[in-house]
Every structure is written in structure tokens, then in C-alpha cells.
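2 protein chains.
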Amino acid sequence: MTKTLTISIILSWMTLTGLFAQDLQKTNTFDIRNFGARPNDGKDDTRAVGKVMKLIKKQGGGRLVFPKGRYDFYPAFADEFYFHISNNDEGLKRVTFSMRGIDNLTIDGNGSLFMFHGFLNPFILDGSSNIRLENFAIDFSRSFHSEAIITADPEEGLDVRIKEGFPYKVKDGMLLFTDGGKNEGPQTTVSKENIYGSNHMLEFDTKRQETAYMVKDFYFSTINGYPAKQLKDGTVRILVPRLKGTVGNTMVFGPNHRKYPAFVLSDCSDVHFSTVTLHHAGGMGILGQRTHNVVIDNCKVTPSKGRILSTTADATHFVNGTGKIVLSNNIFENQKDDATNIHGIYVQVSSVDDDEVTVRLVHRQQHGFDFLKPGTKVELVRGKSMITYATVTVATVDKINKEYSIIRFKEGLPKGVRINDAIAEVRDYPEVTIVNNIIRKNRARGMLLNCRGKTIVDNNYFHSPGAAILFEGDAFYWYEQGGVRDCRISNNVFDNCLYGVWGKAVIDVKAGIKEDLNKSRYNRNILIENNTFRIYDEGTLLNLYCVDNLVWRDNTVEYTKEYPPRKRKFERFQVQHCDNVTIEKFED
Amino acid sequence: MTKTLTISIILSWMTLTGLFAQDLQKTNTFDIRNFGARPNDGKDDTRAVGKVMKLIKKQGGGRLVFPKGRYDFYPAFADEFYFHISNNDEGLKRVTFSMRGIDNLTIDGNGSLFMFHGFLNPFILDGSSNIRLENFAIDFSRSFHSEAIITADPEEGLDVRIKEGFPYKVKDGMLLFTDGGKNEGPQTTVSKENIYGSNHMLEFDTKRQETAYMVKDFYFSTINGYPAKQLKDGTVRILVPRLKGTVGNTMVFGPNHRKYPAFVLSDCSDVHFSTVTLHHAGGMGILGQRTHNVVIDNCKVTPSKGRILSTTADATHFVNGTGKIVLSNNIFENQKDDATNIHGIYVQVSSVDDDEVTVRLVHRQQHGFDFLKPGTKVELVRGKSMITYATVTVATVDKINKEYSIIRFKEGLPKGVRINDAIAEVRDYPEVTIVNNIIRKNRARGMLLNCRGKTIVDNNYFHSPGAAILFEGDAFYWYEQGGVRDCRISNNVFDNCLYGVWGKAVIDVKAGIKEDLNKSRYNRNILIENNTFRIYDEGTLLNLYCVDNLVWRDNTVEYTKEYPPRKRKFERFQVQHCDNVTIEKFED
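The listed protein sequences derive, respectively, from chains A and B.
Using numbering that gives the first Met the number 0, the letters of the first sequence map in sequence onto residues 0 to 587.
Using numbering that gives the first Met the number 0, the letters of the second sequence map in sequence onto residues 0 to 587.
Everything labelled a hint here was simulated from the structure, so no lab data went into it.
A couple of the hints might just be wrong.
As the list claims (entries may be wrong) - Mimicking DMTMM-like on lysine to aspartate or glutamate, the simulated pairs with C-alpha atoms at most 25 Å apart in a straight line are:
no. : chain 1 : residue 1 : chain 2 : residue 2
1   : A       : 50        : B       : 397
2   : A       : 50        : B       : 369
3   : B       : 513       : B       : 485
4   : A       : 170       : B       : 154
5   : B       : 398       : B       : 89
6   : A       : 170       : A       : 125
7   : B       : 53        : A       : 353
8   : B       : 50        : A       : 397
Make the full structure from the sequences, and use the hints.
The following block contains the structure:
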């Protein structure tokens, strides 16, 4: 009943936005072949996209059609601009589908494959509205991560056989991943970037095609590569003694950046993804920032053949969004981080003067995230208690650089503003609808729910190594604004989650609160009902910290033998500093 | 006589530009203390500079005075913008003295020290005119390079004791140089840049304080650091077997970038440096691009106490300049590249269509060097012969990105334009006056003379490990436009140059010509007279390739025992593919 209702609401809204696009299709259809592209010819189709985008922008929209086939895109003739992308890496980007200020556009791939080559951002939508992206797949010929099979685990490090398709060199005692091209001489003033830098590793279970049972991330300070030697049998010995692994498993070498997310939506509205497949990205799959209304329906994040990893970070991620966010009927698998995270951003007060505060975007992947503007309504929050103590409106912003700004408020500076307080936007928090998705075999968590709009998580399948659902928010490390106000988690299957180290419970409600624990209630009004928890040991189903009003009812537990049980004993429910928590009808 | 004349010309021009500044001094003096800076208090003075610059810009100029003392500058509150800096590294820069569109300004340091901390660009002048920089020194608290004393040369690599003031860590089998701060954990998505990356080394003679006799650059593909282990006696063993060195000598670890040149002059005019001391920069000392009239007088590039290296690249460097370039009465020592290089830039023709060419800035440190504009007069040059075959005027420029543009000409496309041809600006080539300078103990060459304006090199002292004077220009590697037309080298002392590997002759006239050797004469009209060559073996004094009209007269040779003679025999004069070469009155 609930499920049917939810879906019908989504469908009606999808139809509504779909109507605009349909009008356009009739009037203004562009065939990419008319701009110089040819499917399956192996040649660079970048200029064709540049030309057609120029025309579409001029004409106010249209329907761009790619006849079915493979299209190739290289960086040489791509558009270029500097861009700050939240939770990914800023930089001067080469962008193939550079959609800035483009409205009313449908791109229909007819099942085509868009193959990207090199250091390239596939899609950046900036200030665009009413966009539909349909029927295509994205991949990179050389992934930003690399993969290897573990062949031995000697004292001095780890031996691996690097898989086909992940070129590398061992030179001057270093393992470096490359593009396989010829430009591999010394790094002089004229040499070009051709290194696929890596600074962390994660072991995957080759048979299960998921992160190895209880494996931890190996983070290194090596930045670009690893001390290593080439062995005679074609394997490589990585000379880091603390590195351990299981022979036969797959070691994934993570990239040292998140520079190349597949889709960036920035200050956009009404963006609709349908039957889009995302095989890879050097960063997140879909990143929406300050964007209104996004639907991702019937899409897939999944690795292409021969790879164990899809995107190198979250499948989807939304920052300071408004309107609606819908994730429906998707598969998110094997990405190197969460399936989604929907949150706001805090700046930190770094100094307080007469009538102004200097604020700082501290997390380096939030630099340049300019959400404070004259007229922006904001909450002032105590850094340690996370309690909102004032709500005011921004009057002036003097931006010093991507990190620091000086802010004045219309109401003047509220009393008691302190260094290390946090400030976030009070906005039209999005309604979040997450239904009928499959989330599995990725690193870390399933969903991070950190949105104050009505949030529905219904009828999804989770098989995540960490918490299936995590609530958080803090003002000292991630600087992510969260705190649900109306959240329903219903009819989901949590299938043997927590086989990894990323979370305390299948549903983990946390918050970075260090003070006023008796007062601060960051996440509120959560209903968890009619879910099935398939578990392989006596792990924690629900962890609660500083929560107000939570109901747990009609949930079922099934026992499996999918993984070896952990030795530690856990409490089934952990509740700390909460009010109004009801655990109903629970039969273990 | 010649010398006196030269100097009086310079002085009269210096006085002329000085007059403007004098007027300003009377009317508009700013004391930096009035903007919040305090000498010697150790606090960040960046905001004071930001404030005063804003006011100076508003008021149309002035005289900014720093009372004598030490001023400290950090990146936190520095201005920020993306900038392309020729022959250095582009990027989003934090800039302390951010001088964009500022005119008629004198900065007088009264002998102050400006101490920069971290990843910071000290001065960028962009579109500024009539600027005088006087009486201060620049240094960085942590240099971008690092230094170590070689303690042993074992089979498996090289042992070094890293000098005080160059913090480092050895972790996970890697030597990495750091800022010495606490933020040295794993590189996660929130960690900050604190690594002083290095990818090449050069050995210096600790006693002589100059590059070791005949030493070569070690370039590595390691990018950020080196495989290494910490030894118990406090030394570090770098585990690269091909790395060799002499015990007691100093190994200099060069940075993997040129991001932080000390002074950048971009599209400026009339910039005058006087009694400025440059102890360090993470890149070049002074880089002038598309700039009209620059005087550098009575300045020093020299390392600060305890360091063997000053700037990590050229002391000065000028690209597509116009007007006059004067280097007089300076000391340029211990910088990690040439004392100067004065040249133009070629783009390469990458494709030819009906009436347009697509051109490319190939050298990655020339990307974004936008000199082609409607109205720009250009020469079209054969890539392999370097022969100019047409001169036309740019009509339109469609910039694709920092690398590629599409160009049309007013006259239409000249016949016979081919892929790999080169295009450079035909401009008011600067008059170059280089007098009374001391150039010594740096890496590589003394001066690179690649300018078609009248060029005078008079009464300088050279002690450079490579060629003292090099002429070059090519369209396949450096893409630097050269080719002197009127050059006099007189009254200089060349004191035991060529003790290193960077050059074939004390005066080396080359060009990247591979075709039409019987016709192409790239450098023309060179007079070399009244110079003294102090030499330690029978090396080549003059190497000539594709030169027309050169006179060598009244030069003196003195023999020394400063270095061990090389085993190879050399020709005293090497002349290939030249016309009208006269070697007069040479007594060996």
C-alpha cells in the first residue's frame, strides 16, 4: 500500500517533467552524426558534441540523438574551465558534455556506449534546467583505479599480478600506474601527466566480487605509487611490510584524487536520468550540488567486464539540494563508496569581530562551495553540541578565497557567536524518495540520510559491508549538515550487511556531538517498519545516538550462514542519549 | 667607451621612469603599519597587504612603505585566482602581493625581509604599469627543494643526512619531504597538501658551493618522493641503485613543480626592480610575460644562510616581451637554472582546414599563453627548417582550451601551410641590455639570448657550469622562438665555465634546425669582442650552427687549473652550416 502510493507519486512527477522534454523532441531534434560524429569509428567525437551544444544553447533546447554505437571522447578538444565540485576534487577541467546554461535538453543515447579516454570530465551541467539523460552507458578505456590479483604474502610486503587493462611500470624502485602510452620518461618540465596516481588500497573477495570480509582500507603516505620490485615471474612485490592480503583476492589500488566524477549537476533544476549505465568514474558517479529536483530512475552503477570496481567514490551524492531527490529502480554496485549521501554543508567560524564573522570551508573538497549569499537564511550552530542557537539572514559576503569569507547578517551578529561554531543554509530541504533500488558489494555504507526534508526509504535491497543506512553530521571533520526530521525506512531487505568495518549497526544513527548530550537531539522522527534483516551473526541492528522520537516496529530477522560470525558480542540495540525511542514487537 | 655609453643610456631611461614614481611618493604614501601589519611580530601580515592594495588601486597609485623589519605571510587570507605563468606551472594561486590592474606604485621595503610560509605566490603583477619594487628581500621559511649531505654510497642506493630546515618523513618505505607540521597522516579525502614533492636530484660540491664537477641531473619517475629506509644513525638510505654521489657533497632534491615563482609580471609595462634580494622561489625568480620595459638593477638572487640553492629554476626569464629589458649590476647565483632566458613562443599547427588552422601550445608550461589575438602580426615558420615563409595578421581566434585554438588570418591562409609548422608573434622585439652582472654557481647556463631586438651583453662575469651564453630556438621540444639579429657580447669575463654538462661551448649558438641546413640561418649578426676566457682545459669556446655573420675579435684566453681537464679533446671553434663567420686575431 505504502509502496504503491510512493511510486505513483514519483511517476506523476516524472511524467510532469517529461512533458516539457516531449514538446522539445517534436520541434528540435539533433542527430550527432550531422555534427561530424560517427559511431564505432574509433575517432574523437568531442568536437561534434561541442558544436551541437553551442547550437542547442542558442536554440533554447532540443533533443540530441546518438544512433546506437560506440562514441569515443578524448581531452584534446574538450571544453575547459575551473570548477569546484563538492566532495570531489576541484580543478581546471576538460569537459566533454559541457552544459552550462543549457535548458530543455534531452540526450538520448539509444543504448550507445560513451567511451572516455584519459583525464576528462564526462558531463558537467552548470546552471542548466529541464535536462533528461537517457539510454547510454559511460566508461573509461583506462580506469582511474587499478586492480591486481594477490599471489603471495611474504614478510617484506605483498606480491600481486596486475590485471590486464591496468598498465604500470616498476622503475627506480617504484610501482606506478600509467596510461600505457610511450610518454613514460623522466618527469621534466615538458613531460605530460600520464601517471594514474594511487595512495590507498582495498582488498576485494574475487569470488564474491565484493570487499573482502572485514578488510580495512590501507592508506599510504606514498601519494602516487608504491615502493616495489618487479619479480621474474611477472608479478610485482610491493615493499610495504604492513601490507597484508589473501592469495587469490583482488587488490584495488584507489586513485589519489576524485577529479573526474561522471556527472556533475551544479545549480541546476529538474534533471532526470533514465536507463543510464555508469561503468566508471574517477570520483563520484552523480554529484548534485545546489540543485533542485533530481530523478535517477532505472539506472545502473556497475563495473564493466574484467573490472571488480565501478566508480571510485560514491555512486550518487547530493549537497545543499532542494526540491525533490528521487532514486528509484536503480542498481548501485561495486562502487568504492556509499550509494548515496544527501546532506548540507557547514562553514566554521574562524574569527569573530564587531559585527562580522570570518568563516571557513574547512574540508578541502568543500572549498569554493559558495552557498552564502546576500539573502541566504542560515542557522548558527554550536560546534560541539550541534545545537542551533540562532537563525539569521546573510547581508554581505566578502569572499577572500575559496576557503575564507567575511560575513555580516541583516539582524547583526547574534550574541554569543564563538570561534568553531558552524553555519549552514536553512533551505527548502529536499523531499527524498529512495525506492526499489539494489545496493550491493560496494565499499562502506549503503545510504547516508542527512536531509531534513521528508525522507522515504522503501522496498530497497541492501547488501553493504558497512551500515546499510547511516545518519550523521558534524562540525569538526566532515562538516556535513544532517539531522533528519521525518524519515521512514520500510519494506527493505537488509541482506547480510556489516561484513566489513564501516559501521556499528545495520541502521546507524550518529552525530558528531560532544557537548550537551542531555539536550542535543540531532536526528528526529524516524520510523523503521516492515523491514527484513538477514544477518550472519548477533550484530547490532540499530545504533542510536542523540535521537528524538524513533519507532521500530514489525521488522523481521532471519539468520544466515553467509559469513563467519564475529568473535565480539554485540548488543542488538544500542541507545545512547535519546528520547522517545520505541522498539515494538521485536521478536529475535 | 662602449660600456660608458651603454650605462648612460640605461640610466637616462631609468631616470625617466623614476620620475613618475617620484611624483606619486609626494602625494600618496601608505605605511603598511596603518593597515594592521607589525614588523617582527611573527603574525600574518597578508590582510594588511590586501587592504592597502585595494586602496592603492582605488587611488590610482602611491608609495607603499614597509618600515624595516621582518614581515610574515601565510596562504590563509591571500588573494586567489587561476593563472597561467609561462615556463612555470599554472594553477589556482594564493597570492600575497596581488597586483592586478595597479598602476604607479612604488613598494619600498627599507631593507625588510618578507618571509613567506607554505604554498604561496609572493608577487603577481597582472596588467599593471609603472611599478617600482625596492629595498626588500624575499624568502620562504620552508624551501620547495630540500638538501642533504651525502654520507655513503652503498650498492643499493645512496645514504644522506638531511640538513636541518628540510623536514621529512620515512614511512611505508618512502622518503617524503614535509612542512614539518603535524598533518602527516594518511592522505584521505580531507587531508591537506603538506608534502614538498620531489622528482629529481642534483649534486652540489659542498666546499665550492656550486654544482659538482660534471655531475648530471638525476630525473626520477617517482614524482613525489623516493623509496628509502631510515637508518639507525639518523641518515636515510635512498633505495635507487643507479643513484651515485660523492661523500661530503650536498644532494639537492628538486621540487616536482614550478608553482611558486617569486615575481610574475604579466601584460605589464615599466616595472623596475632595485635592491631586491631573492633568496628563494618554488620556480623562477622573476618571470615576465607579454611585458613592456623591465629593469632589474642592483638586485641579488642568492640563497639564505644554511642553503646551497636559491630559486629552484631560472633567476629571470622573459617571454614575448617588448620595449626594453635591462639587467644591470645584479648578482645571480646558485639558482637551479639559467640566469636569464629571453624568447618568444611558437604554437604548432596541428591541423589545416579550408581557411583556418588549428594551433596548439605544446609545451605544458606554455599552455594558456594567449598571445594570438585579432590584429596580432605573426610569422609562419617551417617546423623543421625554422625558415619563416610568410608573415600575416590574425583575423579571428576561437579558443578551444588552454592548448588548442582555431585561427584565421586577414590575408587568408598562406599557401603551403603544413601540419607541424610553427607560428610566433612578430612584435616590437625588446632591446636587451645585460651589463655589469655576476652570474655564478647556478645549474645549467648563464644567459639564453633568443631575442631579435638589439642585444648587448657587456662587462659581465660568468662562472656557469654549462654554456655561459646559449642561443637556441626550436619548434619541436621547447617551442621557444629565438634568432638574434643584432647582438654584441663584449668585455665579459668567462671564468672557468663548462665545468658541468649543460653545453658544448662557452658561447653556444644553436637552433633546432633539421632541414634546409644550407639555407636556414637562424641567428644572425653577432659580435664577440674584448672578452676574457679563463679556461681549465682545451674546451670549445664557440660553437656555431646555422649562423649568418658572426665576428670574433680581440678576445683573450687565460689558462687555469681550477678543474681537472676533461679526457676528451675538443675543437676550439666548431662551425657548421654558417655564412660569413670571421674569427679575428685569435691567439691561443
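Margin query: Just to be careful, I want the Cα atoms of residue 513 of chain B and residue 485 of chain B compared with a cutoff of 25 Å; is the pair within it?
Written below: holds (24 Å)
Note to self: So if I understand the rule, the pair passes when the alpha-carbon distance is 25 Å or less; does residue 50 of chain B with residue 397 of chain A pass?
What the structure shows: Status holds; Cα separation ~12 Å.
Check: Is it true that the CA of residue 50 of chain A sits at most 25 Å from the CA of residue 369 of chain B?
Finding: It holds: about 22 Å lies between the C-alpha atoms, which stays within 25 Å.
Margin query: So if I understand the rule, the pair passes when the alpha-carbon distance is 25 Å or less; does residue 50 of chain A with residue 397 of chain B pass?
Written below: holds (12 Å)
Notebook entry, point to check: Quick one, are residue 170 of chain A and residue 125 of chain A close enough, alpha carbons at most 25 Å?
Noted result: The hint is violated at about 42 Å.
Next item on the list: Sort out whether residue 353 of chain A lies within 25 Å of residue 53 of chain B, counting only the CA atoms.
Entry: holds (22 Å)
Check: Is the hinted pair residue 170 of chain A and residue 154 of chain B satisfied, with a Cα-Cα distance of at most 25 Å?
Finding: OK: residue 170 of chain A and residue 154 of chain B at ~17 Å, within 25 Å.
Next item on the list: Decide if the proposed pair is consistent with the structure: residue 398 of chain B and residue 89 of chain B, CA atoms, cutoff 25 Å inclusive.
Entry: It holds: about 17 Å lies between the C-alpha atoms, which stays within 25 Å.
Taken one by one, the earlier hints fail for this structure only at number 6.
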